[in-house]
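Engineer: Chain residues, written in single-letter form:
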Amino acid sequence: MAETHSLQELQTPPASSKIFIQRDYGSGTFCRFHTKLPSELESRVDKQQFEETMQTLNNLYAEAEKLGGRSYLEGCLACLTAYTVFLCLETHYEKVLKKISRYIKDQNEKIYAPRGLLLTDPIERGLRVLEITIFEDRSIGSSR
Amino acid sequence: MLLLLLGQSDHTTHTGEQSDMKNCNYQQIDPKALPMAVPSQSHPPSQHEVQEKEERQPENERRKPRRKWQVFPGKNRFFCDGRIIVARKSGVLPLTLGLILVTTGLFFVFDCPFLVQHLTVCIPVIGGVLFVFVLTTLLQTTLSDPGILPRATPDEAADIEKQIDESGSTGHQSPPRTREVVINGQVVKLKYCSTCKMFRPPRTTHCRVCDNCVERFDHHCPWVGNCVGKRNYRFFYSFIVSLSFHTAFIFGCVTTHLALRAQGGKGLVFALQKSPGRYPLHGESSISFTFFNSFMSYHADPILSLTVPFTAVELLICFLSVWSIVGLSGFHTYLVASNQTTNEDIKGSWSGKSGGETVINPYSHRNICKNCCSTLCGPMPPSLIDRRGFLPEDGCVQTGAGDLELPALTTGNDTNVCTQGTKGLLESAARSPLLSSSCPQGKPQPVQASTNNHLIVNSDPSLELSNICATTHSTTHSSPPRQTQAHSPPPRRTKTHSPPPRRTKTHSPPPRRTKTHSSRKKKPSTVHIPDPGSGDPAPPTSANAHHQHHHHHHHNRSKSRGVSPRH
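Residue numbers (the numbering used here), protein chains in the order written: chain A, 877 to 1020; chain B, 4 to 570.
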């Protein structure tokens, strides 16, 4: 009986829905996401908190794509070596992406998971969207 | 990365235990960085799910974990277990490679010994360096990901469809499948891609040859057999610039060689050392003089009989191609300086007026240096398609046998185990960016013949390739030059053998140069694959019926490819 029940649990869709934060192209093709809190999350998470998370993420992406001395140096060095350095070394962008994934994990642990939310790293969606999964609390019996 | 699951498996938990669950789950979060490192771990057996898991485990052990490149939906081929990506159609890449290798080979065999003897040893060294540079950049252009955008997941696609329906029902003026954004004060329209099921970011175009949306799409170049986009534009640019130098260098060396031979070898060199100005080696007159003398000495000296024809061949190839390559380099230098793509240039996106208002390029930094630096020396964006990541195993067998991406449980708690099961399902939903038809909800789906997508027989007509070769964007330059910057009109365009039906706009067709195609060396006639626009508006599918959505997706693809749906 218990096994059947667990089988059912696996086969019935888990109660979750997803919302997507889209990219903000207002300043060009740089990676930025909208920081406005979606209406579905208003009851779940503090607006300030959410905006802070999004702003930090945007700042991290801006850091990755920044055109500055370091990126130019990297680019020129790569050009001189016929871009073979890209095969060997980790680029600045990749380093920042790792930082971003750590940040998201951290935010999930501290803020969003207790509220029944899960942020998915945008790199897993090709930097198109920030996916937020909203979990229903079955035991309480609420439904969306 | 694990999912945190709440409210699951209430057959084992009370409310109080749920917080324990959450805490346990926190500790089980995988600290590894994404997207590459996905641990594939076997699921520990449990009392509750012993049936399920034991059924699955032998399967998992039997089958290898599959990587994402094996189910990549675009028309690409992968080598070295996903490390190398090429477009399915290699175009005339073999010809490009062949011409470069043959000409350089002939140069080293026939010209270098003579020139080393008579001039300097630097010549083969410089030639070698240039050759290595050309080959490296060519291979990097061909074998790298041009900036492919992964297709939207079913959830994303459903969300977008819902938004489109909503906006359609409110009676928006603009067609439902476009979105407008304002970038740096300029209105830009984003089109909906029916293949990838998303609104394309700015400067992104869906390449029909590769069946992928490519970011900052420049053009699909048949000469390198790949799209040129955000990630490999700098390789492409380096390739054509270094090729210009290489071609010009060989041309110069070969001319020198022939001239020296014609005018008598060592004696001439000795004379040159005394008075370098007296015997000009370059210029039109010296070339014809050289040829005349070469032919004369051909008859006189049997040793020359082999060298001269080959050298003449080299000379011919270099002479014909140097103009086109140098012209192409010049054109792309202009594009880089104004931060435009070939695609935008052809369409005239940022020139002229639209609706009475002058349009400006919103991406340009208004500074040539900054434009050049940002395009060529900017940070290298990563590949978004995660070729070598592992496919998650979920309830949908259509993903094939991936390992369950669940962490090894430290606690043998039944609660955790149950949550693990559903957690895994959700995780698979979260981690399947490439599977356009992955099932996010754990419903048992019929086994999809999820064979390697890249093995799909390309049913596109082979004529497409000739069309691609034929369609060029010369005509934009036959119209009054919009660009105010000084750049020589690129002669490399429209080397069409016959005026083919143009897929681009209405321009006067005649090619300016009608050189024969066969004698052309590496003239990358940049081909524009025009933006197919919004494509066929796919009828909105119900977000609930994943199965139907899956069918629909396959049907759509089969429509466009003529391949029967794989089920």
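Take these hints with a grain of salt, some might be off.
Derived pair list, reagent style SDA-like, types lysine to any residue, alpha-carbon separation capped at 20 Å [claimed, not checked]: (1) K350(B) with V339(B); (2) K942(A) with R391(B); (3) K971(A) with G381(B); (4) K986(A) with V921(A); (5) K894(A) with L917(A); (6) K971(A) with P384(B); (7) K942(A) with Q925(A); (8) K78(B) with F248(B); (9) K942(A) with K192(B); (10) K986(A) with I1010(A); (11) K974(A) with K192(B); (12) K894(A) with E164(B); (13) K974(A) with N934(A); (14) K373(B) with G944(A); (15) K373(B) with F906(A); (16) K971(A) with G945(A); (17) K192(B) with R908(A); (18) K194(B) with N934(A); (19) K194(B) with D900(A); (20) K974(A) with E164(B).
Computed footprint of chain B on chain A, listed as stretches where at least three residues anywhere in the stretch have a Cβ under 8 Å from a Cβ of chain B [claimed, not checked]: (21) 894-904; (22) 941-953; (23) 998-1004.
Distance ranges between label pairs, derived from CB positions [as the list claims (entries may be wrong)]: (24) G944(A) with G131(B): 31 to 39 Å; (25) V128(B) with C964(A): 20 to 28 Å; (26) C372(B) with P914(A): 38 to 46 Å; (27) G351(B) with T932(A): 22 to 30 Å; (28) P914(A) with G355(B): 36 to 44 Å; (29) V961(A) with G351(B): 33 to 41 Å.
Treat the hints as calculated values from the structure; they're not laboratory data.
Glycine residues also receive a C-beta, built at the ideal position from the N, C-alpha and C atoms.
Engineer: All the hints need checking, so say for each whether the structure fits it.
Structural biologist: Status of the hints after comparison with the structure:
| no. | hint | verdict |
| --- | --- | --- |
| 1 | K350(B) with V339(B) | 17 Å, holds |
| 2 | K942(A) with R391(B) | 27 Å, violated |
| 3 | K971(A) with G381(B) | 15 Å, holds |
| 4 | K986(A) with V921(A) | 12 Å, holds |
| 5 | K894(A) with L917(A) | 11 Å, holds |
| 6 | K971(A) with P384(B) | 11 Å, holds |
| 7 | K942(A) with Q925(A) | 25 Å, violated |
| 8 | K78(B) with F248(B) | 34 Å, violated |
| 9 | K942(A) with K192(B) | 26 Å, violated |
| 10 | K986(A) with I1010(A) | 16 Å, holds |
| 11 | K974(A) with K192(B) | 32 Å, violated |
| 12 | K894(A) with E164(B) | 14 Å, holds |
| 13 | K974(A) with N934(A) | 14 Å, holds |
| 14 | K373(B) with G944(A) | 10 Å, holds |
| 15 | K373(B) with F906(A) | 15 Å, holds |
| 16 | K971(A) with G945(A) | 17 Å, holds |
| 17 | K192(B) with R908(A) | 18 Å, holds |
| 18 | K194(B) with N934(A) | 24 Å, violated |
| 19 | K194(B) with D900(A) | 15 Å, holds |
| 20 | K974(A) with E164(B) | 32 Å, violated |
| 21 | 894-904 | holds (count 8) |
| 22 | 941-953 | holds (count 8) |
| 23 | 998-1004 | holds (count 6) |
| 24 | G944(A) with G131(B): 31 to 39 Å | 35 Å, holds |
| 25 | V128(B) with C964(A): 20 to 28 Å | 25 Å, holds |
| 26 | C372(B) with P914(A): 38 to 46 Å | 41 Å, holds |
| 27 | G351(B) with T932(A): 22 to 30 Å | 40 Å, violated |
| 28 | P914(A) with G355(B): 36 to 44 Å | 39 Å, holds |
| 29 | V961(A) with G351(B): 33 to 41 Å | 37 Å, holds |
Hints 2, 7, 8, 9, 11, 18, 20, 27 from the list above are not met by this structure, while the remaining hints are.
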